[in-house]
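Sequences listed follow chains A and B, in order.
In case it helps, full-length UniProt numbering puts the first sequence at residues 1 to 357.
In case it helps, full-length UniProt numbering puts the second sequence at residues 1 to 357.
Note that these hints are calculated values from the structure, not bench results.
All figures in this text were calculated on a predicted structure; none of them were measured in a lab.
There's no promise every hint is true.
Note: identical chains are not told apart, hence a pair may lie in one copy or across any two.
[Said to hold, decoys possible] The calculated lysine-lysine pairs, modelled on DSS-like cross-linking and capped at a C-alpha distance of 27 Å, are:
| no. | residue 1 | residue 2 |
| --- | --- | --- |
| 1 | Lys146 | Lys98 |
| 2 | Lys230 | Lys127 |
| 3 | Lys146 | Lys204 |
| 4 | Lys78 | Lys31 |
| 5 | Lys118 | Lys230 |
| 6 | Lys122 | Lys324 |
| 7 | Lys149 | Lys95 |
| 8 | Lys146 | Lys205 |
There are 2 protein chains.
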Amino acid sequence: MNKKIAVLSGDGIGPEVIAQAIKVLDAVAQKFNHTFEYTNALAGAIAIDKTGNPMPDETLQVCLEADAILFGAIGDPKFDNDPNAKVRPEQGLLKIRKEMGLFCNIRPVTTYDSLISKSPLKEERIKGADLVVYRELTGGIYFGEKGRKNDGVVAFDNCEYSVEEIERISKLAFEAAQTRRKKLTLVDKANVLETSRLWRDVVKKMAPSYADVEVDFLFVDNAAMQMIVKPTQFDVILTENMFGDIISDEASVITGSLGLLASASIGAKTAMFEPCHGSYPQAAGKNIANPAATILSAAMMLDYFKLFEEANLVREAVQDSIDKGLSTVDVNPENPQSTSAVGDLIAAYIAKAAVTV
Amino acid sequence: MNKKIAVLSGDGIGPEVIAQAIKVLDAVAQKFNHTFEYTNALAGAIAIDKTGNPMPDETLQVCLEADAILFGAIGDPKFDNDPNAKVRPEQGLLKIRKEMGLFCNIRPVTTYDSLISKSPLKEERIKGADLVVYRELTGGIYFGEKGRKNDGVVAFDNCEYSVEEIERISKLAFEAAQTRRKKLTLVDKANVLETSRLWRDVVKKMAPSYADVEVDFLFVDNAAMQMIVKPTQFDVILTENMFGDIISDEASVITGSLGLLASASIGAKTAMFEPCHGSYPQAAGKNIANPAATILSAAMMLDYFKLFEEANLVREAVQDSIDKGLSTVDVNPENPQSTSAVGDLIAAYIAKAAVTV
Ligand SMILES: [Mg+2]
Ligand SMILES: [Mg+2]
Chain A
1 MNKKIAVLSG DGIGPEVIAQ AIKVLDAVAQ KFNHTFEYTN ALAGAIAIDK
51 TGNPMPDETL QVCLEADAIL FGAIGDPKFD NDPNAKVRPE QGLLKIRKEM
101 GLFCNIRPVT TYDSLISKSP LKEERIKGAD LVVYRELTGG IYFGEKGRKN
151 DGVVAFDNCE YSVEEIERIS KLAFEAAQTR RKKLTLVDKA NVLETSRLWR
201 DVVKKMAPSY ADVEVDFLFV DNAAMQMIVK PTQFDVILTE NMFGDIISDE
251 ASVITGSLGL LASASIGAKT AMFEPCHGSY PQAAGKNIAN PAATILSAAM
301 MLDYFKLFEE ANLVREAVQD SIDKGLSTVD VNPENPQSTS AVGDLIAAYI
351 AKAAVTV
Chain B
1 MNKKIAVLSG DGIGPEVIAQ AIKVLDAVAQ KFNHTFEYTN ALAGAIAIDK
51 TGNPMPDETL QVCLEADAIL FGAIGDPKFD NDPNAKVRPE QGLLKIRKEM
101 GLFCNIRPVT TYDSLISKSP LKEERIKGAD LVVYRELTGG IYFGEKGRKN
151 DGVVAFDNCE YSVEEIERIS KLAFEAAQTR RKKLTLVDKA NVLETSRLWR
201 DVVKKMAPSY ADVEVDFLFV DNAAMQMIVK PTQFDVILTE NMFGDIISDE
251 ASVITGSLGL LASASIGAKT AMFEPCHGSY PQAAGKNIAN PAATILSAAM
301 MLDYFKLFEE ANLVREAVQD SIDKGLSTVD VNPENPQSTS AVGDLIAAYI
351 AKAAVTV
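Extracted from the complex, chain A is given alone in its bound form (with noise of 0.2 Å):
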């Protein structure tokens, strides 16, 4: 198999995970006999110090040329408590979203056993927990209208949804549950916001559609509880962009493997690949931070490429050198590897693995 890969690397830690990404998928190439077309391009902060733009259209250009995009991070804190700067990296990130489509974010959390002693929560709250967020990516309030009135004394945002944006996302979600345990949670704010009250309209008038999946419905607040509370009682949660982002990143802290969890952002035509995790600017250049969550979102891209025993094998080299303690100083302080030696471990037991091709 062919396929071209638009690399984004971005800033902070991004390059640094990238490169053990691309080394495990050099990997992959080589023990399948498939072929894998990088092409880097710019995106963050560092496009705006080269370009002034965080997604310049050259990038954009790159991405849709590409089968799926391989992204690192971006963010800067230059810019974090700067709210005049009109220009910020996140705004890249906003616009490859909408620009490429991606409507459908995808967080998985799973627990992993050998890292449950990391986690913020008891033990027995934590264990066995294994969740996915789909996470509505173009719409809600961080697109809408937003701006200042009366002489700037008053700013506003606008928050919209339309039928057609809750049911693509939601299709997928229902999808994915009927693969999983079978169980939908959508978040919402019915009792107060009329968007929420549309995406409940939506998602019971596909319920039945869906007839093995039991739907459930929960205000954003009181998920927010949940999840601390009892996050096993969750499989597949749905919801609008915002509430996502909370929600998503506080089920992102509680497994205490936050290096760890993967992403992938689905649109129509493409896809993109990223970790959860953000810039970590402190860590970069020092070869200290996890690779893992790149190298496991590059495993959702080969499942979005329908190679799935690819993945499966990306997936089971990295359970095993975390099994083995073969990890960075955030899950292993006492003997931690670097960076680029975790991604020489995985790409080595893909190398190593007995696989017919």
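Keeping the supplied structure of chain A fixed, place chain B with the ligands upon it in accordance with the hints.
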């Protein structure tokens, strides 16, 4: 001192826990020679059932004529899953906040050493956590223009904030920080939302007038993580309405003592005091609900009346009952006391206390 108190017991366990708070206030009145005059009024689902309105005008009138409002809880599950219900109990809560101008919701989250074992978080994460959330309560997306358009296939909710709305709550939050550990964290989403950027502008402009307070800024998704990862980092959290709803509810479960959390909602002319827990309909009428949060809310009301000695005695009485394990089933499942028994014990503690009047 003579004070008029509007009593809105509401739904579910509301009437039971309010009865205990009044028992305790009566003990305080007796002991310290005050007169508290109570006027009951309808609110919530029970008000819908009786009048068709979750917050009848008569109730608002009672509140306007009172010095403070003691509130139970509202909400009934029969309304939750009906997105087309035009009248909802929660509208009553939104309406009283708006009508009384209760713009500032204050929720202290304290850890009790004897209850840390109930926390879903590991002891080393939660021990010593002591924070208070200042949530804007009458603006933002919950009160913005909302509706459907394009023949109903598009729904919208508008979020709006003015400089004045942000300043008046920020002032209270800064002043609170000055009496505490002198740290204020603004929670927003300033990398994406224009309203959040206005919040940052205003808070940054006010900060020099409170030079002894350290100010920092946290995106709401990150705040949802930090509340689990390191809750002890927070002192005063200041935030807008919806973020405050989510973050303060999340904060309410980390200590494992939700039944103990009190709240105050402050307006220019009056204030309302209510437990953080909801109407808990499953427990209604069973005499098992924990009245401590409502009693501690009554203590916040005494503070509001500047009856500080009285307020502290109520808190001491509650602390004593917890230390002795004389509490309801949520706190002491092995040997639970009933709701009314806890009220009796706390009232008796006050009656017996050695206090110079
Ligand atoms: Mg986020
Ligand atoms: Mg709430």
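Each hint, compared with the structure:
no.	hint	in the structure
1	Lys146 x Lys98	both (16 Å within a copy, 24 Å between copies)
2	Lys230 x Lys127	both (10 Å within a copy, 20 Å between copies)
3	Lys146 x Lys204	between (31 Å within a copy, 21 Å between copies)
4	Lys78 x Lys31	neither (43 Å within a copy, 58 Å between copies)
5	Lys118 x Lys230	both (17 Å within a copy, 13 Å between copies)
6	Lys122 x Lys324	both (23 Å within a copy, 25 Å between copies)
7	Lys149 x Lys95	both (25 Å within a copy, 26 Å between copies)
8	Lys146 x Lys205	between (31 Å within a copy, 22 Å between copies)
When held up to the earlier numbered hints, the structure conflicts with hint 4 and nothing else.
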